[in-house]
Each structure stands twice: as C-alpha cells, then as structure tokens.
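**Q** Turn these sequences into a full structure, and let the hints steer you where they fit.
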Amino acid sequence: MSGRYIVGVDVGGTFTDVFILDQETGTGTIRKVPSTRPDQSQGFLAGIRSGVETVGAVATVVHGTTVGTNALLERRGAATGIITTAGFRDVLEMRRRDRPTTWGLWGQYEPVIPRDRRLEVAERVLADGTVHTPVDVDGVTAAARLLLADGCQAVAIVFINAYANAANEEAALAAVRAVWPNEHVTASSRILPEIREFERASTATLNAYLQPVVADYLERLQDTLRGDGFGGDVLIVQSNGGVMTVDSARQVPIRTALSGPAAGVIAAAHIATSAGFPNVVTCDMGGTSFDVSLVVDGETALTPETSIDFGMVVRQPMIEITTIGAGGGSIAWVDRGGLLQIGPESAGSDPGPVCYGLGNDRPTVTDANLVLGRINAERPIGGKLARLDAEAALAAIEATVAKPLGLTAMAAAEAIIRVANSRMAGAIRLVSIERGHDPKSFVAMPFGGGGALHAGALIKEVGLAGALVPRFPGVTSALGCVIADMRHDFVRTINGLLDGFDVAALDREAAAFQRQGLALLDRAGVSFEGRDTLIELDMSYLGQTHTVAVPLAVGDGDDGVGIERAAIRAAFEARYREVYGRVLEALPIRVLNLRVATVGRRPKFDLSILAPDAAASMDAAGRGVRRVYVDGAWHEARIWDRLALPAGAVVPGPAVLEQSDATIFVEPDLQGSVDRLGNLLISRKEPA
Amino acid sequence: MIDPVAIDPVTLAVLKGRLEQIADEMDATLFRSAFNPIIAEAHDASHGLYDPLTGDTLVQGKSGLPIFVGSNAFAVRAVIDKAAKAGGVAEGDVYIFNDPYDGGTHLSDFRLVRPYFRDGELVCWLASVGHWHDVGGNVPGNYNPAATECFQEGMLIPPVKLYDRGQFRQDIVDILQSNSRQPGSLYGDLNGQIGALELGGRRLDALIEEYGVAVIRAALVELRRRAEQLMRANIAELPDGTYSAEDWLDNDGIVDEPLLIALDMTIAGDRMILDFSRSAKACQGPVNIARSTAVACCYVALKHVFTEVPANAGVLAPIEFVIPEDSLLSVRAPKPVGGYTETILRIIDNVFSAISLADPARGNAHAYGTINALSIAGHRADGRRWVMFSFFGGGHGGNPVGDGLSHGNAPISTATIPPLEILEAAYPVRFTRWALRPDSAGPGRHRGGLGAIYEAEVLEASAEAFLFADRGRHAPKGVAGGGEAATNRFYFDTDNGEARPPMASKMVGIKLKRGQRVRIESPGGGGYGDPFERDPAAVARDVRLGYVSRDRAASDYGVSIADDHRVDAAATQALRGRGAAS
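The listed protein sequences correspond, in order, to chains A and B. The numbers in the working numbering rise by one with no breaks, and the one at position 373 of the first sequence is 373. The numbers in the working numbering rise by one with no breaks, and the one at position 579 of the second sequence is 579.
Keeping only pairs whose Cα atoms sit at most 16 angstroms apart, straight-line, the calculated EDC-like set for lysine to aspartate or glutamate is:
| id | chain 1 | residue 1 | chain 2 | residue 2 |
| --- | --- | --- | --- | --- |
| 1 | A | K460 | B | E209 |
| 2 | A | K440 | A | D297 |
| 3 | A | K460 | B | E210 |
If you are wondering where the hints come from, they were derived from the structure by calculation, not from laboratory data.
**A** Structure, rendered in structure tokens:
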C-alpha cells in the first residue's frame, strides 16, 4: 500500500458522507458534501478531495453503495433475459403463491423480467442430481441470440434442480458466454447452489438485472478516481457487513443490496464494543422508516434471505435489519374507531412534515417533536431549510389529532410521540426479547438524524440499560466502511439425514470452500490482521421445513476441517434447545445446507481519535435554555452544543443536545454523560 | 369523542400494539417450530387472547390463517361450556380438541385452549390452533371427498384436558399418536403449540407487571367497543338495500348435483344482515360446514373488504346471521365437514359479489375459489409409505384499482406453496410443468389474475391420487360487468389415455403407474368492469406476453391484435362498436 489514507464513503439520497483515516497521524476527518445524481461519482470525488491534499495519497477507498438498492426499488435494472428449463419459465412470476398483504386482495405483482424474455430450453436434472435430459446447447445459443436481438444486456440461467447437479447449467453458461458480448451472465448454481427454485431464480435474476448497472457505476467511479491520481484499491461493502473487491462486486452485485445500512450496523457494533457495550440494538430512524438490528457480543446477526419488495426475494446472507414504518415523516391520524395511529403513510422528505411548509398539512412525528420543543425551529438539521414552521405544525396537530381525541394540542403532540415510541419499542422487543435476550444487558444505539430524540423514551419503554449516541450519528455508515472486514460466503445444499450422509465428503466440501475463500482474500491485495473461517449447517428434525443455523467448530485436517458426526449432533441439540427450549428425542435429524464464510479481519482504528478536544469545557458548550413539553408540563431544558462538551461531562435532563446532523433529547428523569470517546450515554438519573 | 371507560386513548393505542405483538409472537414461534409444512410453510395456524366469560376474540395474531380469526372464539366457547359442566376451570389446565361442530373448520385443526389466571382470577383465555398432518380417517391427509360421516375423516376429540392443574397427561398424547399415520409430526406440532401457549403466558405476565390487571382488562373491553364502532362506520357507508348473490358448488363428492350457496345481504344504516336461507340443505358429502364456520368465513370476507378493522369480536356485533338449522351451512355431527374450504370460499365469493352490488368501488371479483387439495401417495421400493399432500393456487379477482394477482393464495389462507424442488427431493415425483395458464383469467376493464398449470409424473412403480377441489363446472365470477374466469380442470393418465374425474373436481383412488401424470389447471380470478373498456394497449401487452390469446382478445375484449402484436385500431373499433350495439 502506497498512500496514507483509508477513506470510507457512504452515498445517501441527500448527502455523501466521507470519513478519512490518516494512518500516519492517526487522525480522522469527517466530510459531508451534497450527493450528485445521476452520477454519484462526482459527489464522491468532491467529498474525498475536500479532506485530503491529493487523491493520490489515498491507499484504499471503501464504499457503501445504494446504487444496487435504488435500482431494485425503482426497477431501473438492465433489460435482462432468463433461459430456463422447459415447462418452468413462469417460476419467477408465480413466486411462492403469496400475496402482498394478509387482508385485502387488491395487490399486484410485476416481475422484473417480462414473460417474453423468459425463454425455455430442453434440459432436466432430477432431485438426486441425475441428468434426466441433457441440455440442448443449440437451443441455449438460439435463446441467447433471441434475447440479444430483443435488446437484453444481461441474462440469467436458471435450471430446475441445478443445486443438485450444475452440469447442465455449466454447459449452458459456456454456450451463452460464447455469444454474449459482455460479462453480464449469471448462472443460478454459481450464485446460490441451494434448493428452492423460486428463491434461487429470483436471486440469480436480480443479480443479472443489476450487473450492467453496478458494473457501469463502479467503472465510472474507478475512472473518476484514477483520473484524479488515485492508485489504490476500491472495496465495496456487502449486505453481509463484509467488504469485497470491485471485481467481486461486478460479478455478484446482488450482494450490495443492503450495502449502506450494513455499514452502519458494522460501525455501531464497533463503536459500542469500544465503549464497553458489546450488546446493542442499533436504531436508524429515517424519514419513513425505523430500522433496528441486533449486535450480540460485538457480532452482527445475519439472515439468509430478505425481500426488497413484494416478490423481490434476495437469498444471500445479509445483516438482519428489521424495518417498521415509523419515521420522522410518519403521519399521525385518528381512525374511525377513535384510535390514534402513526403511519404507515409517510410524508417522507418531500413534501415532508407540516413544519417544512412544502404543502403537507397532516401532522408527522417530526411536527410533534417540534411543537414539544425538542427540535430547534431556528436550526433545522440537514441544512436544507432555514427554519421550521412550528405554528403550522401545532395547528395541524390541533385539527387532526387533538380535536377528535378530545385532548389539548400539546397533549396530542405528546400522544403522537408516545404511540410512535411504542411502535419503535415493539421493533426493539421483536429483535431482543423475542429472541430470548434480556433487555437489561443491551443499549440502544440511535443513528441517523432523529433517532436520538426518541432513544431515552425507548430505554424506559423496553427496559434497556441505556442509549449510546455515537459522536457522529449522521456519518455512521461512512465510519463502518473503514471498519468492515472482508468476507466471502458460500452455501451448498446437502439435504441428507445426519445418521446417513457422508460426513467426510461434507468435511472436504467445507475445506474446499475455505480454500476458495482464503484465495479470494489473498487476491484482494488488502492487508489483514487475521483470517477466520465460519462454518454453519442449516439443520432441523426430519419433517420440519424451518431450519436452525448450527455453528461448528473449525479445526485443521489434511483435506478437511475436522467435522465429525457426533460433534454435529451435539451442536444441533445445543442450538435447538437454545431456540425452542426443548429437544425432541428419537427423531431423525436432517442437514439441509452447508454454509462457509471466510473473513479477513482488517485492522481497526482507535476511536479515541474522534474524542472531544481536551480543552473543551461545559461553559463553552452551553447554548442557553429552551422550553420543552414533557409529561403534561413545560420544563426549562438546557441546550448544549453537543460536540463542544468535554469528556466526562454529565448533562442532567431535561436537556437538548444539538449538532449539525442530529438532535438529542434527554428526558427529565434521565441524564447524559460523555465518555472518553465522545459518545453520549443516556441512562436513568442516579438517585440523589 | 371522550372516552367513557377509565383508560386514556394513548395508553389504549400503546396497549393495542403490545397485545397484538404477543399474539403475533405466538404465531411466529409455532411457524418456526412446527413439523408439518401445512403449519410451517402454509401458516395454517393461529393464536390469540379471548374473553374470560364469553370466549369472544379479544386480540388475534396478524400472521395466522385468516379463517381462524373468526372461528377460534367458538372453540374457546366450547371449552368454557365443557369446563362449566365439569365444575369449573383451574389454573394450570390446558384443553385440547378438534371437534369441528363446536369450534369450526375440520378435524385436521387441533386446538389447545389455556385459561390465563392472575392472582387466582381468570383474566382471559389463550388459544392455539394448528392444522395437523394426519389425524386418521380413510384418507392420508384427511381430505376425503367420499366421506359421508365424520368418522371417515379422522378421529374426533371433544375438549379434554391435556394438562390437569399443571399435570401433563401423557395418556391423551398416546391416544392421539396411535390414531395418526404421522405420529412423529403430530408430536412435534403439539409441542410447538404448547410452546406457543407458554410463551403467550410469559408475555402476558410481563405486560400485566407493567400496567396492572385492571388497565389490561379495560383496554380489552375498550378495543372491542372501538372495533364495533369502526365496523358500524364502514357498514353505514354502504347504501341501504338488499343485495343478492348466488353461486354453486359442483357437487358434494357423493351425489353429482350442484349445491346452491345464496346470500341476501341487507344493509340497514349501520347494521348488516347476512341471510343464507336460500342455500342448499345439508348434503351427504363433506362440503357441509358448522354454523360457527359460516360466521367465521363471513368475517374473513368482510375483513378483506374493510381491511383496517381489527381482529376482535366487536367487528361482528353489528352483523346478524340468518342460517337455517337444516342448511348445509349449519350441520352437526356426524355430517362430514372435511371439505369445508370449498364451501367457505363460495360464501366469501358471494360476499364479494354482494358488496360489489352495493358499492362497486369496494368490491373485487371472485378469486379462483378452490383449495385444490391433491394428495399422491404410495410405497417406495423399500416399503416405506410416502404421502405428498399440497394445495395449489390460482388467480385473484380484478378489482377497482387494477388487475388481479396471478397465482395467489386462497382468501382464507396466507399459505405459500412448497418449492417444487422440495417436493421432488422429498417424494418420488417429477414435475413437468409449473406455469401460468393462458386465457384462465376473467376478462374485464381490470382482468383477473391468471391461474396455473401444474403437471407431475410418478417415479415409483405405482401410486394413488386423491383430489378435493371445486369450480370444475361453475367458474369464478366477475363483478361490475366483468366476465367469468376459466373453470378448474384436472387430468390424469390412464392406460387408455388422459381422463378427467367423473364428478369434475373430486375423486378418490386414482391409480397411477410409473411415468403417468396428473395435471391441475386452476382457475384465474374473475374480471372487474366491462372488458370492452379495457385499454387496447393493455390487451395487446397481454397477448404479447401470452396471458390472453389473440382469439380471446377479439371475442372477450373486442380488440384485434395484428401479427406484430400491435392493436389493429380499425378492426378494434369495428369489434367494439358491434359489442356495444349487441
């Protein structure tokens, strides 16, 4: 590595956040510049330039990208075709025979690949891997040519039972590659050799659909950086929280589907662990949603599958993020049964809350926070507006919520916050208490601009130990980019009974994945502190369709990693008991999938480089007082410049702490204390 | 409005979410731990909290099977009555039963009902219901289209104690297991349901710790009152009048005669009367249902129309049901009820039609209207028995805002279909088609969604198939001028070529040899609005994508499509002009 800087870049809808780590001086710099659309690389470069003397001095750029996410959500992927087994071209459109909502039958579904671009060829593999019909290679070539003539830029090959034997898919892949003019060809067994045809088809198809978009973007980005003298590496954050090379990202762009949010969770885990809180619930409150994720013992939780939208299923390991529709822009309303509801409808950021004055007249959570004095009308965060219209917000709350409920406007504003808080608390309970964790051993970590307004209430409502507000809640994802490890995931369906299947073969298979993963780490040209291999089996009792993930210890062997039958059984029973409280004697145990992850641990930097200035003082941080409304009464709250507070400062509630991209509210019965790293810990006031 | 009950509206809104979360979590824990795919994948289960005195539904999980939202209250009521006769209920009791005449649905659905006490006082009931894999009877999987008595459908267990004052009664489980072809699966599902009830109890403990019993009770009463208010507001928006709908079941599987299901829905201010008097009398075959099932499925239909009403008993308060005692919608033991799904789907279709007559902006056309329960069973070369049992999907109806969903699940269910790769890995079958069915959707300004074609062949020397379905002769209807969908068709290979069931949609004992196939072609949904008003460009797209044939584009939609898939404007004008004149 030549340069001195490692740069993390998170491109959001409004701002591009940049975190620059200077490896020589051990200092960190934060920059926020406007995002540029449609070409994000311009804002990207401007952000980096604003913090380094020359781009040539940058060794590594690590990027959390929403290009893939947005292309999926807005359906702006490339024209793509599917070549599939005769009789099965509708698998993608038929999904798993679900519907968008439990109640109401008015939903629709439009697959990203229309039916006339889903072509069938003769071929068939049986469930046991036997080739029933060899693939018609000429038919594949003809199908590929038809798709090209129809303007397709990418193609996915999805054959039934390809997870059990990929021979037909591989032959088809070679045939397509021979005529396809670019690299955007995805074979389902290469990206997900796992049983379940719809999930595999959806994942492979969405991958192909993203390939041209993400590849173009990364190419443009690299060109822009190189044109400015950059000679280092670009790494991309995956949805699993690990980073990969640009080459990998071009092949499997689907792994970037949740790249940005994943980087945020990675940062939260590191910040909280460094502050002495390895158990965290991260809370990202945006305009329309509230995202929570669980970190236990410093480790993020992964989920094997997620839906980007109805029927848009991505089956790849991802950081598990649970989303509910309760954000700052969520609209408060009273239903015809007289019950106060928050969301799911949202005013978003445009027109946004009533107080933005951009045309919305239905009150939102942000309007309630403003009316209650928790947000500063003269100093709106984000920098887009000069001031907020508190009178309009109050009038909207009065008309829409207070009158129908028979409350005063102020009581109605508090009610909006209380109901919104209870919905957010429900999301936290879902990922903590419902997973068997004791909330008393967890802290909430709010990030994003609005989360810290609610964090205090949430710790009381759920019974958490406290809330830890990172020093820069608005740039958490950029920070996470610099922290993230490199990670490669592999999966293979086994589908055998524990008492019957060939454990030695499984052992060899796991070792092969391990070698493949370590080779990818070697090729990346990145220096690691250490390397780990994680092995898990998806297991169940015979007859169950849901599996539990069973971690196995990884050992050494000549051609294996030391997996043994007895150890698998013991690990399964321990895990099953943990999840369901009981094991079931005498029932056969099934091994569905083998999962292997290789992780290259990147060096972590010391967060103390972000700590408050030693010269900071309470006096300099004070910004006077403002009235805030809490529990039915007005209180005089102290207002603080958050970043000017010294380490060790204790701020008793009621108080409001302001910084450019976030507002923190400390309720009257809570206090905030600044730790040595500059985090603010909100907790119950110590008894006087 | 000022709240008359001593609970403030904000606490109420908070507690509503907390209580629903408890029921949801009970659902989730059973889905994850269940053994049979009908619960684990198809979510054929449900949980909730019920009134201590009446058994009325107070709170129900959002992710369980919709039909149970209505029927569980009757199940809890049955336990309350039984306990009263036996001298009362005690802390630590848990009842188990599947009597469909006292709790709705069919014998496959086993219910566990547990009183929840606090400080020695009964606060509410918790219940868990789940569809077990096999509960005995003549047919594996219990969908026996030839049943004439419930005894041919499986074991019938009245409410008995699974736990007596906390004491687990293994003898009950022994009885259950020895009456099932799948005792291991049964044991696993039973454990999952016990686990869900335990979890619900723990969560209630914590909630009461936080708020106190009095507040929780007040909230439950108040939530019910508000649900009623919400439902009355919805009904009042429909114009007063009587709206009638008729539809038919193909037959009962025993006698090949159509069975009329008729509804006269009267709206009078904020009240609704659902009168089924004109429907057929009780029949010999298993398409009868208990009265409680009829009430429950009307609730499901109305909740699909008024989606925001909560899942509690208050919703039913403004509704009067008229169901004669000799109706096929109000039978008692031992009339067979195993095919209840077909009958309640027809009732739901009628409710959609009647609502659409009252207000076309609120109604949607019929969905595919049959569960298509297909079981293929046999023995492997090594003698092991195998039973593949699954439900198959079809199209949803066109509606005021758009076309219907293609290949959706039944309105009474949120079931997903197992992946064909999972079925092929588990059973000796090979699917040869898994596709959308062209021309299966009802035409309309907004057409129905498409049904599906599923075709599979047997890989073992022999097998036997059973089909329980409907809509073989009476297609899903359109509303507001929309047309009918295609009927349901079933085909099976014989030594003399392809054959269809003599009774169209129900058949037992279909013998299959290696390499022989069965094929389901399911209905789409009915159409919404006049098909001649459909945008010709949308019809052209349907033809290009193969959803609609060119012939049907012309005959159903009056749109002429040229060879290049473009609309022939002149020819279309001629067709549509003629259509309007006729």
